[in-house]
Structures are given as structure tokens and as C-alpha cells.
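*Asks:* Here's the letter readout for the chains.
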Amino acid sequence: MTAAVKVKGAQRTGVDWFLLVLKVALISAICAGLLAFIAQQIDPGNAFARWTHDGNEANRLSGDQYKGLIVTGLSQGAMYGLIALGYSMVYGVLGFINFAHGEVFMLGAFSGFIASTQLDAAGYWEGNAFIPSVIFTVLLAVIVSTTAAVIMERVAYRPLRGSPRLIPLITSIGVSFFIQEATKLLFGPGAKGYPRPPEWFSQKYSILTFEIEGSKIIVLFVAAISMAGLWYFVERTKTGKAMRAVAEDKEIAALMGIDVNKTIVTTFAVGGAMAGVAGILWGLLFKSVIATTGFLPGIKAFTAAVVGGVGNLGGAMAGGVSLGTAEALAPLMLLEPLGVTGVTQLRDAVAFTLLILVLLVKPTGLFGERLSSEDRA
Amino acid sequence: MNDDNNSPEVDETDGADAETVEASAPAKDTAKDKGNPILEFRNINTHYGAVHILKDVNLAIYPGEMVCLLGGNASGKSTTLKTLLGMVTPTTGEVVLDGEVVNDKPTSYRVERGITMVPENRRLFKRLSVAENLQLGAYLRNDKAGIQEDLERIYSMFPRVYERLSQKAGTLSGGEQQMVAMGRALMAQPRVLLMDEPSMGLAPTLVQTNFELIEQIHQEGIAIFMVEQNANMALSLADRGWVLQTGRVVLDDTADALLANPDLRKSYLGEA
Numbered sequence: 004m005t006a007a008v009k010v011k012g013a014q015r016t017g018v019d020w021f022l023l024v025l026k027v028a029l030i031s032a033i034c035a036g037l038l039a040f041i042a043q044q045i046d047p048g049n050a051f052a053r054w055t056h057d058g059n060e061a062n063r064l065s066g067d068q069y070k071g072l073i074v075t076g077l078s079q080g081a082m083y084g085l086i087a088l089g090y091s092m093v094y095g096v097l098g099f100i101n102f103a104h105g106e107v108f109m110l111g112a113f114s115g116f117i118a119s120t121q122l123d124a125a126g127y128w129e130g131n132a133f134i135p136s137v138i139f140t141v142l143l144a145v146i147v148s149t150t151a152a153v154i155m156e157r158v159a160y161r162p163l164r165g166s167p168r169l170i171p172l173i174t175s176i177g178v179s180f181f182i183q184e185a186t187k188l189l190f191g192p193g194a195k196g197y198p199r200p201p202e203w204f205s206q207k208y209s210i211l212t213f214e215i216e217g218s219k220i221i222v223l224f225v226a227a228i229s230m231a232g233l234w235y236f237v238e239r240t241k242t243g244k245a246m247r248a249v250a251e252d253k254e255i256a257a258l259m260g261i262d263v264n265k266t267i268v269t270t271f272a273v274g275g276a277m278a279g280v281a282g283i284l285w286g287l288l289f290k291s292v293i294a295t296t297g298f299l300p301g302i303k304a305f306t307a308a309v310v311g312g313v314g315n316l317g318g319a320m321a322g323g324v325s326l327g328t329a330e331a332l333a334p335l336m337l338l339e340p341l342g343v344t345g346v347t348q349l350r351d352a353v354a355f356t357l358l359i360l361v362l363l364v365k366p367t368g369l370f371g372e373r374l375s376s377e378d379r380a
Numbered sequence: 019m020n021d022d023n024n025s026p027e028v029d030e031t032d033g034a035d036a037e038t039v040e041a042s043a044p045a046k047d048t049a050k051d052k053g054n055p056i057l058e059f060r061n062i063n064t065h066y067g068a069v070h071i072l073k074d075v076n077l078a079i080y081p082g083e084m085v086c087l088l089g090g091n092a093s094g095k096s097t098t099l100k101t102l103l104g105m106v107t108p109t110t111g112e113v114v115l116d117g118e119v120v121n122d123k124p125t126s127y128r129v130e131r132g133i134t135m136v137p138e139n140r141r142l143f144k145r146l147s148v149a150e151n152l153q154l155g156a157y158l159r160n161d162k163a164g165i166q167e168d169l170e171r172i173y174s175m176f177p178r179v180y181e182r183l184s185q186k187a188g189t190l191s192g193g194e195q196q197m198v199a200m201g202r203a204l205m206a207q208p209r210v211l212l213m214d215e216p217s218m219g220l221a222p223t224l225v226q227t228n229f230e231l232i233e234q235i236h237q238e239g240i241a242i243f244m245v246e247q248n249a250n251m252a253l254s255l256a257d258r259g260w261v262l263q264t265g266r267v268v269l270d271d272t273a274d275a276l277l278a279n280p281d282l283r284k285s286y287l288g289e290a
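Protein chains in written order, with my numbering: chain R, 4 to 380; chain G, 19 to 290.
Please keep in mind that the hints were generated in silico from the structure rather than gathered at the bench.
It is possible that part of the hints are untrue.
Mimicking DSSO-like on lysine-lysine, the simulated pairs with C-alpha atoms at most 27 Å apart in a straight line are [as the list claims (entries may be wrong)]:
no.	chain 1	residue 1	chain 2	residue 2
1	G	K284	R	K241
2	G	K144	R	K241
3	G	K100	G	K73
4	G	K144	G	K73
5	R	K290	R	K70
6	G	K123	R	K241
7	G	K144	R	K265
8	G	K123	R	K365
9	R	K207	R	K195
10	G	K123	R	K253
11	G	K144	G	K186
12	R	K241	R	K207
13	R	K265	G	K73
14	G	K144	R	K253
15	R	K26	R	K365
16	G	K100	G	K123
17	G	K186	G	K123
18	R	K207	R	K70
19	G	K284	R	K265
20	G	K123	R	K265
21	G	K284	G	K123
22	G	K162	G	K144
23	R	K195	R	K290
24	R	K253	G	K284
25	R	K290	R	K207
26	G	K123	R	K70
27	R	K241	R	K253
28	G	K162	G	K186
29	G	K100	R	K241
30	R	K253	G	K186
31	R	K253	G	K162
32	R	K365	G	K144
33	G	K186	R	K241
34	R	K187	R	K290
35	R	K265	R	K253
With the hints as constraints, model all of the structure from the sequences given.
*Replies:* Now the structure itself:
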């Protein structure tokens, strides 16, 4: 990132040319995909569509399919956003990426599996008891994830406070492996299925002409509540203000009488809580969890945090939602019209291409502020 | 700025008195009249690793007075402030607050008891609003009515600040930021206000305004401990002063006597 900034105005190196070509290629591909998509929506049998689809007509997307994709993208993105908040907050306060945050999310999903199985065995995972059970499960996951995040900070990161940033970063990768392997040891390496939810949970409901499954309504609702709660906490409460003050200048925050250590612990706790909520939502949506569940969503959420502008909470949420939506829409709106086959398998590729694109075009992220050199040091 | 041109003459007349007085004893006598000190250094030694920064430093700040600490770069001024605030723990010696040794008490403990600082270069929370900066100044206070009262007082003292409450502090001009920085410190209800290089990084016209503000705060009965490079300005306001050189207090006297001291004039006031 820094290299690209420094070189502006100076002589271009080979790397700059490569990045420029990459940027142009990516943007052209997106434009071409969009044009082809528009063409196929107007006339599925147009010459370009026939050429890219071996002489067949393209699959025109219906309005309902389109809306379905958006809903899927939003609910997936909401989860990314919730996890991304943890990355962003910790980065804001300590200036390093906590790669073990995905594991905090996984622990939330796992505790949800345990709670829901027990509740199911007792007959509380259906009928009128279902919603209270879900709330209970969410609370339990929040407690487990928060505890995990706080212990992580105390044991792994606090002793490294003040050391160069690369060291806690590498430690976080170690912590990530540790938690994954410990989970495998305790629960076995296999996938654990959440119990079957009630019928209405997978039925579709019509809201504002959108056909939405019950599970996704719950996911979107819970995510919205959590984000609103977090926003209120960070923007309006005294502790939230202290947190932002510590993120900006620890020494002066201490001068105000703020307990910096306590605030850092709070930051980990709040990030952990959000990851815990996301863990349950994941369980409800995909109905299974495995010891490595944390990895890919974790990396995606990190991507979302970068896309939104790391350190910026609104950005993390927006980044998550954009990433989820892009993942859902881009394969069918950009790649399929270009004749790429098996597009639904390419969601991960889309996510990381988006990351590369954002880093190329706006390295600070969509809502990121340019860091001053002293911030970056 | 006119003061600067006139000052040499004024100083020399003062100097005649001070030189005859010579010793630093009178300074201590006047200090004693003010009761017990709020904040004291007793034989403070501070090390960063093996590097000896402060060497047997003795200081005392009495209620309501204005004192200044002068010294060049790397003389230990910042360390003195950090030690006063508890951000650095002295290796030997005692930091005494209201008669209590507070060496191992955290910064928050001292802030709660009325010690606070306006840091060098203001160091506002730039991404937070002006209102939030002021609120954070009162972080340790729980008396809502009192906080509101103090806010009103700051608004009347700095009407410009009131106009910009919802703005991010980073978007303010240097002078406005200085006002917010002082307001933020006042929100902690200090009895001793430490000022780290208040004139640093300000336009010359603002320096004058700034010292007027300090004077105004002092008038309200708040003791001011000022660390300054601008010795002339600082000494013209202060009652007493210390000169720190490589971590040792080399001069401890009334401001008038210091202004007249030939060594000091040579090294800090740029006179041959």
C-alpha cells in the first residue's frame, strides 16, 4: 500500500506497471461482464450470449431470482459484517490484525451446536419454545466467544504489548491453530449438525415483494439489532467514547483517567460478542459446524474489514454487506454472462478479487481515512 | 510582540535587584506562605533503562501559584511531567500529592485528585467531536450537574468552541484546538494544571493569546506548572521557576531573579 502511495509522481517501476495493468484488466472485465449481463437481460439470444454459451441462449435472470440473490447476499454479508467488526475494533485499538478472531466466531457456532442439541433433546428446539431457545443460544454463544476473546487478549497479546506489530500478528495465527486443534481434540474432526429447526423456519415469507426464508429473516433481524446495539455502545456510551479515545491516542486517553488496559479488554470482549452472535447465525443458516468453520468466514470478514476501511466500524459493516452481496451477485451478473462455467463455485474467488480491486483502487477502503504516517508507524 | 522589544530594558532594572539578592532562599520563603504544596518531588531519580534522566530533582507546587520549568532539549522536562502524572515511575525518591506518596499510583488516581495536563501540541482526539473531547476531559467525574456547569463556563470562556461542538476536533484551526485542549483539561476540575510547551507549534500572534488564556485560568485559582522553551514569556507570567539541565535542577528562584540571571539570559534569552 505504502509503495503505491510513495511512487506517485516519481518514476514508475515494473511493479507499478504490473499493478496498473491488473487494475485496468479487472475493471475492464467487470465492465464487460456488466454489459454482457445487460445484453442478456434484454435479449438472451443475442450474438455475444450465443458466442459465449456455445450457441445456446443465456439464462436470463428473473426478478425473483435477482431478489433471492440479494437476500442471500445480505444475510451472508451481515454475518461477515458482524465478524469484521471484531477485526476492525482490535485493529483500531492495538494496530494489529487478530487472525484468531475467526476462531472466536467458530467457538460461538460450536457452543450454539452444543446448546441447541441439548435443547432439542429436551424438546425446546420447536414450536413456541424455539424463539426463546434461539435467544438463549445466542446469549450463551456471546458469553463463550466473549470469554474466549478476553482470555486470548490476556494470555497471548497483553504480554506482547509494545513489541513490533508483526509479533502479535504471528502470535494470532498461532492462537488460531491452537484453538482449531483444541476443538478437534475435544469434539472430533467431523462436522456437527445443528438440530432440525421447525417447519416455518425454512418456509418463505413475502416481505415487500421479496420472498425471504424464515431463517434469513432471523439472521437479518438479529444482525441489525446487534449492529445497532454496537453503534449505540461505541458512539453514545462513556465506555464507547473511551474506546475511541484509546484507539486514537493511548497516552492522552490515560491522561483523561481512562484505564487503557480495561478498555482494550472491553474492545476484545465486544468484538468477541459480535463474533458469537455471528456464530449462531451461521449455525442457523448452514446448520452445521466443524473445527475449521472459523477459517474461511474469518478471512472473508477480514477482507470485509479491509474493503470497508479497517479501523472504521461503519466501514466494517458496510464492507461485510458489500462483500456478501458481491459474492452472491457477481457470479451470475458478471461471470455467467461472460460464459464462465460453474460460477457458483467461484464465490470465494469473487470475494478475494474484490479485496484486490479495493486495494488497487482505494487502499484505505471504502470508508477508511488516510492514516497519517505516525498512525502507521 | 511589542513586549519582546521592550523587555530587555525592563529586565535589566529588575536584574539589579535580583542580583543583589543572589540566593534562592527568598523563593522558598514566599512559597511557604502559601501553605502545604499540592504536588512535590522529593529527590526524584528517573531512569530509562540504564540512562539516568532526572537526577535528585526537588520541586514543589503550591495552591494557586504559577510556576515554570525551563530547559533545553533532552533536559528532562517531559520526563518530569510524565513522572508527575505517573506515566513514568521514578527509581528513587518520592512523588508526593497532598502529603501522600503516590509513586505507584496510576495516572487516573492523580487526575481524580486534581492534577491534569494540557499536552504538547494539544493532542486532541482528532476523530472525535469537540463535544466528545470535552466530555472525555470529565471522564472520571460523575456529578452531572457540575459537569454541565463547567461546560457552560468553558463555552462562555471560549465562545468559538461552543460554535464548533459537533465538528471533529481535527478540523479546527490551531488556535481553536488550543482552546479545546485547555477546555478539556479544565473539565477535569484541576487544582494543578500542567502545561507542556503551550506556545509550541502556534503562530506568534496566537502565542500571546494563549498566554492570556493561561493567565485567565490562573486567575480562577488554578495552580499552573508550565514547561516552556519561550523563557521570556513564561518568566514574565510566573511567580517562580526552575531551570533543568541534563536532568538536574541548576536554578531554583523567583521569576524576577531568573529573568535577571546572566547565565540564564545567555542560554535561554539569546543574549551574548
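*Asks:* Hints first: check each against the structure and report whether it holds.
*Replies:* Evaluation of the provided hints:
1. K284/G <-> K241/R: violated (50 Å)
2. K144/G <-> K241/R: holds (17 Å)
3. K100/G <-> K73/G: holds (15 Å)
4. K144/G <-> K73/G: violated (36 Å)
5. K290/R <-> K70/R: holds (23 Å)
6. K123/G <-> K241/R: holds (23 Å)
7. K144/G <-> K265/R: Between K144/G and K265/R the Cα gap is close to 22 Å, so the pair holds against 27 Å.
8. K123/G <-> K365/R: At roughly 46 Å apart (the allowed maximum being 27 Å), K365/R and K123/G break the hint.
9. K207/R <-> K195/R: Given that 27 Å is the threshold and the Cα spacing comes to 26 Å, the pair holds.
10. K123/G <-> K253/R: holds (18 Å)
11. K144/G <-> K186/G: Between K144/G and K186/G the Cα gap is close to 6 Å, so the pair holds against 27 Å.
12. K241/R <-> K207/R: With a Cα-Cα distance of about 42 Å, the restraint between K241/R and K207/R is violated, given a limit of 27 Å.
13. K265/R <-> K73/G: violated (34 Å)
14. K144/G <-> K253/R: holds (13 Å)
15. K26/R <-> K365/R: holds (11 Å)
16. K100/G <-> K123/G: holds (13 Å)
17. K186/G <-> K123/G: Judged against 27 Å, a Cα distance of about 33 Å means the pair is violated.
18. K207/R <-> K70/R: OK: K207/R and K70/R at ~13 Å, within 27 Å.
19. K284/G <-> K265/R: violated (49 Å)
20. K123/G <-> K265/R: holds (16 Å)
21. K284/G <-> K123/G: Cα-Cα ~39 Å, so violated.
22. K162/G <-> K144/G: Distance ~25 Å between K162/G and K144/G Cα, so the pair holds.
23. K195/R <-> K290/R: Distance ~8 Å between K195/R and K290/R Cα, so the pair holds.
24. K253/R <-> K284/G: violated (39 Å)
25. K290/R <-> K207/R: holds (17 Å)
26. K123/G <-> K70/R: violated (60 Å)
27. K241/R <-> K253/R: holds (16 Å)
28. K162/G <-> K186/G: Answer holds: K162/G to K186/G is near 23 Å, not above 27 Å.
29. K100/G <-> K241/R: Between K100/G and K241/R the Cα gap is close to 25 Å, so the pair holds against 27 Å.
30. K253/R <-> K186/G: Given pair K253/R, K186/G holds - Cα atoms ~18 Å apart, limit 27 Å.
31. K253/R <-> K162/G: holds (25 Å)
32. K365/R <-> K144/G: holds (22 Å)
33. K186/G <-> K241/R: At roughly 17 Å apart (the allowed maximum being 27 Å), K241/R and K186/G satisfy the hint.
34. K187/R <-> K290/R: Since the Cα atoms of K187/R and K290/R sit roughly 18 Å apart, the hinted pair holds (cutoff 27 Å).
35. K265/R <-> K253/R: holds (12 Å)
The earlier numbered hints that this structure contradicts are 1, 4, 8, 12, 13, 17, 19, 21, 24, 26.
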